[in-house]
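Peer 1: Here the protein sequences come in this chain order: A and B. If you use the UniProt record's numbering, the first sequence corresponds to residues 1 to 635, in order. If you use the UniProt record's numbering, the second sequence corresponds to residues 1 to 635, in order.
Mixed in with the good hints, there may be bad ones.
Identical copies carry no separate label here, and so any pair may be met within one copy or between two of them.
In the DSSO-like style, the derived pairs of lysine-lysine whose C-alpha atoms are separated by at most 30 Å in a straight line are [unchecked claim]:
| no. | residue 1 | residue 2 |
| --- | --- | --- |
| 1 | Lys430 | Lys144 |
| 2 | Lys335 | Lys430 |
| 3 | Lys84 | Lys480 |
| 4 | Lys144 | Lys480 |
| 5 | Lys173 | Lys84 |
| 6 | Lys430 | Lys56 |
| 7 | Lys173 | Lys56 |
| 8 | Lys544 | Lys335 |
| 9 | Lys144 | Lys185 |
| 10 | Lys56 | Lys335 |
| 11 | Lys84 | Lys335 |
| 12 | Lys173 | Lys480 |
Everything labelled a hint here was simulated from the structure, so no lab data went into it.
Protein chains: 2
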Amino acid sequence: MRRSIATVSLSGTLRDKLQAIAAARFDGIELFEPDFTTARMSAAEMRQRCDDLGLKVELFQPFRDFEGMPQAAFERSLARAEVKFDLMEALGCPMVLVCSNTSPLALPDAQLAAEQLHQLAERAARRNLRIGFEALAWGRHVNKWRQAWDIVQRADHPHLGLIVDSFHTASLKDSPQGIADVGEKLFFVQMADAPLMGLDVIDWARHHRNFPGQGQFDVVGFFEQCVRAGYSGPLSLEIFNDVFRATPNRRIAVDAMRSLLWLEGEVRHRLEQAPAEDAAAARALQSQVLFDPPPVPAFQGISFIEFAVDGTHAENLGQLLRTLGFSFAGRHRSKAVTLFRQGGVNLVLNQQATPAARERFSLQGPSVCALGLRTDDPAGALNRATALQSARYDAPTGTGEQRLPSIVAPGGMVIHFVDDALGESGLFEKDFILEAEAADGGAGLQSLDHLAVGLTPDRLDTWVLFCRAVLGLDAGDAVKFADPFGLIRSTGMADAARRLRLVLNMSMSERTRMAQAAQASGGVGVQHIAFASADLLASVARLKAAGVRLVPISDNYYDDLPTRFELDAAFVERLRAAGVLFDRSPQGDYLHAYTEGYAGSGFFFELVQRLGAYDGYGAVNAPARMASQAQEEQQ
Amino acid sequence: MRRSIATVSLSGTLRDKLQAIAAARFDGIELFEPDFTTARMSAAEMRQRCDDLGLKVELFQPFRDFEGMPQAAFERSLARAEVKFDLMEALGCPMVLVCSNTSPLALPDAQLAAEQLHQLAERAARRNLRIGFEALAWGRHVNKWRQAWDIVQRADHPHLGLIVDSFHTASLKDSPQGIADVGEKLFFVQMADAPLMGLDVIDWARHHRNFPGQGQFDVVGFFEQCVRAGYSGPLSLEIFNDVFRATPNRRIAVDAMRSLLWLEGEVRHRLEQAPAEDAAAARALQSQVLFDPPPVPAFQGISFIEFAVDGTHAENLGQLLRTLGFSFAGRHRSKAVTLFRQGGVNLVLNQQATPAARERFSLQGPSVCALGLRTDDPAGALNRATALQSARYDAPTGTGEQRLPSIVAPGGMVIHFVDDALGESGLFEKDFILEAEAADGGAGLQSLDHLAVGLTPDRLDTWVLFCRAVLGLDAGDAVKFADPFGLIRSTGMADAARRLRLVLNMSMSERTRMAQAAQASGGVGVQHIAFASADLLASVARLKAAGVRLVPISDNYYDDLPTRFELDAAFVERLRAAGVLFDRSPQGDYLHAYTEGYAGSGFFFELVQRLGAYDGYGAVNAPARMASQAQEEQQ
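Looking at chain A on its own, in the form it has when it is part of the complex (with noise of 0.2 Å):
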């Protein structure tokens, strides 16, 4: 299927997005007509340039206010679209898109409508054009697609037909059940998905749609519906967002396509997946070309994170380590990379002796630079990572090695997918020299339960895509608290096992720490890490004595926590002097604790408990952690 999106997409003037657009692999583009208004190219030129790039314009958008007018305007609107045929011609652009008509003088009437677009259509005929009705979701009359549809109908017209946006249905609740019954009258396809907003419809549309998986839009089922209707091509996006306007436009044009080729995939695998009797399905497989990349992997866990450091922080880090718990569990054969362990965490220092490490650190300091995740295919995991435009990561091994397949994330940090048949430690046992086990089963810390990842507001969104799309991760509900020095937004993305846990945080103001971090951190960062306790009091106890310093909470905290949940008091004491804070959710309880920051970079660690099934983050509580360590800074 030709993949397409609209130019007003992106941000820059129109060469650059042309030239970002290519750089992305589209075939083609929507021309969003004031980018053409504004630009100092004339439509030779610009045709001229498309060519050289390998792009189509397969749109001309939006031709507004036409249908169901009064004859004078209806008049001057004719006279109006012969210019705009002049100049699709020009473009070659073979086809036009009308949206509803949201002016005053539109009269409820849609045969006169269909008689119009009819008598449009007519003149398109002419010169080979053809004409795409849509209806806006706050259009005067037609602000459904059945209206849209019922108007195409009666028109009748071999050069009209109709197109469909999954903004335009999705914003008003509006289904998409029946567009696989349009058939070969589905002139054109949008795609766009949203984050639910309780905004009027013409705001949200025009400042916060994003590319399908970013947002809460059933986008599978509406595209479902169009592949059902025998729809070939293109597959277009038409995305009016502020932040990618305002965010360097080859970044967004990779998310844009990663987008397409993650939806194409999640349909191919719906219509696989309809029963034997669904005739429709099989037909729609057998005469599209959906994209089909290798199905997203189970992942067990994260084997391991690795941190870039030099030799001072390898000293320094290593000895927090310890204190936390950590044992000291080898040294790498070949370079200067020690593994700490506890439980089933492994925690490597890389001091800078692979080209990532010693790029982050040089860039950021001290800070994560990889990840392991587990899995029990890992070149599955890399080739669905690469066909969903990832960038393979190649590390330099040494001979006798282990070589992990592995990609970069958005943002730079790599991440390496680890056999599960290696067990906990296996991955280490070839490259490291191991020292024998622990016996005091250090500080009680078991697991990772998350990773909190710091972002500045231009990688959110890429960020979310990322997860579901490679990781296949689901989004939870955003959640908003507040720093002292501005709102932060919190989305937990997490397996459906609940075996793999990222925070994505971002901050909405610039002064806060976590937006300082994820600045200083190129825009993307992990700002702390999460190890699970099967006891937290008990860890906490052992940790304080082994002189950790945790985030000191307010008493005012323990004083007004009996108030918002039924406690036992000696328990809210002793969560008190622990300074452990305390969150409730229907499904069960969770107590957590926060490190302070290690010196000389944003990052820190948490501790966590969950009781029953409790399958949030503690965002409640997140501004107590926060306003105390911005009360730490001013003494």
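On the provided structure of chain A, position chain B as indicated by the hints.
Peer 2: Leaving out everything else, chain B in the frame of chain A:
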């Protein structure tokens, strides 16, 4: 009237907030409970700190989900209240805000709500505390102030009264009419303004409130009702605003105080204007102490614009001004300051001969450092400005030189108030050695149309309020338009006579040229200056002949223009040949063009002609200009 502000309105830790609030000369605070819960400061310390700063804790808030509950939940809430009463006693806080219940458990039973609030008031009375009941706009059964008032009346307890908040009333388009009759049961008044938005009321309330005078609500009408009720304070602000949370709190606290002073002044003015038979107005005026600032002065226009330059820029900018048709008109008697004139426009080039020019030049290079506004009451203008918390600016003045009453506008630009009696050049006769008037009439630029000020997002509301409160300007509708690298939001501010027009521009992206200029100028900088011509096409012809380079406009713009407006083809070709942009409103037409940016600085000039009563600024054409500027930079 005592003035107060909720701690949630400002950024920072609680300690910071209290200091900023005291520095802005508030009398008290509303303590937003989460600010206390997360503070590492006991109630006793908090009380002491407030005492030291001269602040009273006027209100503890919010106490949620209380009234109209089933018995078990009600009893738990009473126990919860006792814990908060303990805290209020420790804080020395006399009143708690109970906001209407949002719980799904709440019963639609006003009598039950009244009985439960009566019991709460009874308990409060034992400690001599008071309960204020407020209708939240999203309360489950109670969301209008009249419903809350009905319940307060039914409960009939001396320790229970009504709290009103302009946001909750205006956001529901409810009328404040009748609050005047609440009388002494009006226990507390919270004021908030907001932009009109098609956003659900909770998100609107939690993220987009702003200070009175910064938004679009009728805050004056609302507060007038409270004053007529005999309410004598505190007058308090409760503002949830994402930008304020992320902005240094000292600046925001100054805006907060300015907004209250303005609000009191406006209400006083209304009451003073009330007809003689309105005895209530007279009573309210006598019984209350409302702030009484000097009236808004009338402005007759901009007397002069002053640039901070060095010797090189004095030369280069002077040369540019000459090509724009300005004549060298004189030299300051004692300072390195020159004057250029054309029509009624005076431009002053100040070679860092004053501290303000020196400071501005060192921070921003060549840029506008001062404005002179013509008014028939310069002293009154100064007194109003300082009464509304503007800093006075005392320029060093040589013997016998003209001394101008002056202030510092937010962000550092100096505004001088120039006596209109001096006429167009009288101001300069004393201080300058003037040249004879040039004979050729220049390029036909006759007056200053408007000044466009580029602002970082944290400065916009500050400037809207400054323009409204200090200068008496009204805000037009905000418009958004697209730069190639993000959206720009633009608000025109003008006096009723349209003699003084400022356009406040803010970039919603950090990557636009405008954002970068605003950032580089410390958050506030004049972006361009628009000169008016009575015959723009003739002026442009003369300017082009003189070698002035205008921002070139795409041919595509002119191809499109006749599809947008009914225009004579020959006229469109004249616009095209001149590179002049066109806009039309029902009131009239607007022709305009832009000069290329002055080298080494972000600013440029606009040349405009208003036909009929066109009242805008050609925002629809801004994308053509900005795209063209971006394309220039790429070449």
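Peer 1: If you check each hint against the structure, which ones fail?
Peer 2: Of the numbered hints, 1, 5, 6, 7, 8, 10, 11 do not hold.
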